[in-house]
Amino acid sequence: MRNEPMPSTPEAYRAFLDGFLDEGYTFHGFEPLSERAVVVRHDIDLSPTAALAMAEIEADLGIETTYCFMLTTPAYSLRNNVDLLDEILALGHDIAVHFDTHHYWDDDPGIGVVESAVRIECETLGRLTNATVDTVSFHMPPEWVLGRQYGGFENTYQPRFFGDIDYISDSRQKWRDQSPFDGPIPEQVQILVHPGLWTPENRDMDSIVREIRAERLEEIDRYAAAY
480 MRNEPMPSTP EAYRAFLDGF LDEGYTFHGF EPLSERAVVV RHDIDLSPTA
530 ALAMAEIEAD LGIETTYCFM LTTPAYSLRN NVDLLDEILA LGHDIAVHFD
580 THHYWDDDPG IGVVESAVRI ECETLGRLTN ATVDTVSFHM PPEWVLGRQY
630 GGFENTYQPR FFGDIDYISD SRQKWRDQSP FDGPIPEQVQ ILVHPGLWTP
680 ENRDMDSIVR EIRAERLEEI DRYAAAY
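Heads up: take any position in the sequence shown, counting from 1, add 479, and you land on our numbering.
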């Protein structure tokens, strides 16, 4: 497969996944891995609609991945997107929580406190989708969640998925300017993708965020106009 910078477009993402399939890799959820394994995780920071578009690309390729949604984000309303989440589940993908520790605490509150808060969000997402939710991705993870194993859910940053295997991320669209991998493609890797950063027009992150901000402000204005 080609390991080089790429535009942040759906077509480039499809080609990226195709490269792994051509090399004989198997795509996994957060479970025991085969020898040549890829775990794709999507952190939905900005756009559930973009998440569905990626889920459809993956399903077309016969790939199942994990979509992590936030319950505390100002960027979108989870309750207003339940139908979309149901579509992602129907395509064979997993749903997980994208948990924002910064919404709750400034410092590590202790394992038990974290476990309790995370379970509440997992149960809430599970009720919304009628699905079992037992995987959690931490948003902008503080040092104290890295390499830690919690009870009651799979931490995407626990050692067997982060540390014991390779890990790459498309954060801030950096694959537009640099290759995803520094060297040869590893045998096992977790790949973090942010669907909201991938557009048909290959738009930059600033313009994407500006548009989402404008959409949310418009919703607030419509709400306020009723008073």
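The set of hints was computed from the structure by calculation and includes no laboratory data.
Glycine included, each C-beta is placed from N, C-alpha and C at the ideal position.
One should not assume that every hint holds.
What follows is a list of derived Cβ distance ranges for each label pair [said to hold, decoys possible]:
| no. | residue 1 | residue 2 | range |
| --- | --- | --- | --- |
| 1 | Gly642 | Ala703 | 44 to 52 Å |
| 2 | Glu594 | Ser686 | 34 to 42 Å |
| 3 | Val561 | His581 | 21 to 29 Å |
| 4 | Pro553 | Gly642 | 39 to 47 Å |
| 5 | Glu543 | Ser650 | 31 to 39 Å |
| 6 | Arg692 | Glu622 | 23 to 31 Å |
| 7 | Glu543 | Ala494 | 14 to 22 Å |
| 8 | Lys653 | Val561 | 17 to 25 Å |
Below, in silico cross-link-like pairs of lysine to any residue (SDA-like), each with a Cα-Cα straight-line distance of 25 Å or less [to be verified]:
| no. | residue 1 | residue 2 |
| --- | --- | --- |
| 9 | Lys653 | Thr488 |
| 10 | Lys653 | Gly630 |
| 11 | Lys653 | Ile536 |
| 12 | Lys653 | Ser513 |
| 13 | Lys653 | Pro620 |
| 14 | Lys653 | Glu600 |
| 15 | Lys653 | Pro511 |
| 16 | Lys653 | Ala516 |
Outcome of the hint check:
Against the hinted window of 44 to 52 Å, the Cβ-Cβ separation of Gly642 and Ala703 comes to about 47 Å, which satisfies the hint. Checking the proposed 34 to 42 Å range against Glu594 and Ser686 shows it holds: the Cβ atoms sit about 39 Å from each other. For Val561 paired with His581, a C-beta distance near 25 Å keeps the hint of 21 to 29 Å intact. Look at Pro553 against Gly642: about 32 Å separates their beta carbons, and that is not inside 39 to 47 Å.
Separation of Glu543 from Ser650 is about 23 Å and departs from the stated range, judged on CB atoms against 31 to 39 Å. Roughly 29 Å separates the CB atoms of Arg692 and Glu622, a value that falls within the hinted 23 to 31 Å. Checked against the given bound of 14 to 22 Å, the beta carbons of Glu543 and Ala494, roughly 19 Å apart, stay inside it. Checked against the hint of 17 to 25 Å, the pair Lys653 and Val561 fails, with Cβ atoms roughly 32 Å apart.
With a C-alpha separation of about 13 Å, the suggested pair Lys653 and Thr488 falls inside the 25 Å cut-off, and the hint holds. A hinted pair counts as satisfied when its Cα atoms are at most 25 Å apart, and Lys653 with Gly630 does not qualify at roughly 33 Å. A distance of roughly 21 Å separates the Cα atoms of Lys653 and Ile536; the hinted pair therefore holds under the 25 Å criterion. For the given pair, Lys653 sits about 28 Å from Ser513 by alpha-carbon distance, which is inconsistent with the 25 Å threshold.
For the hint linking Lys653 to Pro620, the alpha-carbon distance of about 18 Å falls within 25 Å, and the restraint holds. Restraint check for Lys653 and Glu600: not satisfied, since their Cα atoms lie roughly 30 Å apart, outside the 25 Å limit. For the proposed pair Lys653 and Pro511, the alpha carbon gap of about 29 Å is over 25 Å, so the pair is violated. Restraint check for Lys653 and Ala516: the C-alpha separation of about 23 Å stays at or below 25 Å, so the hint holds.
Of the numbered hints listed earlier, those contradicted by the structure are 4, 5, 8, 10, 12, 14, 15.
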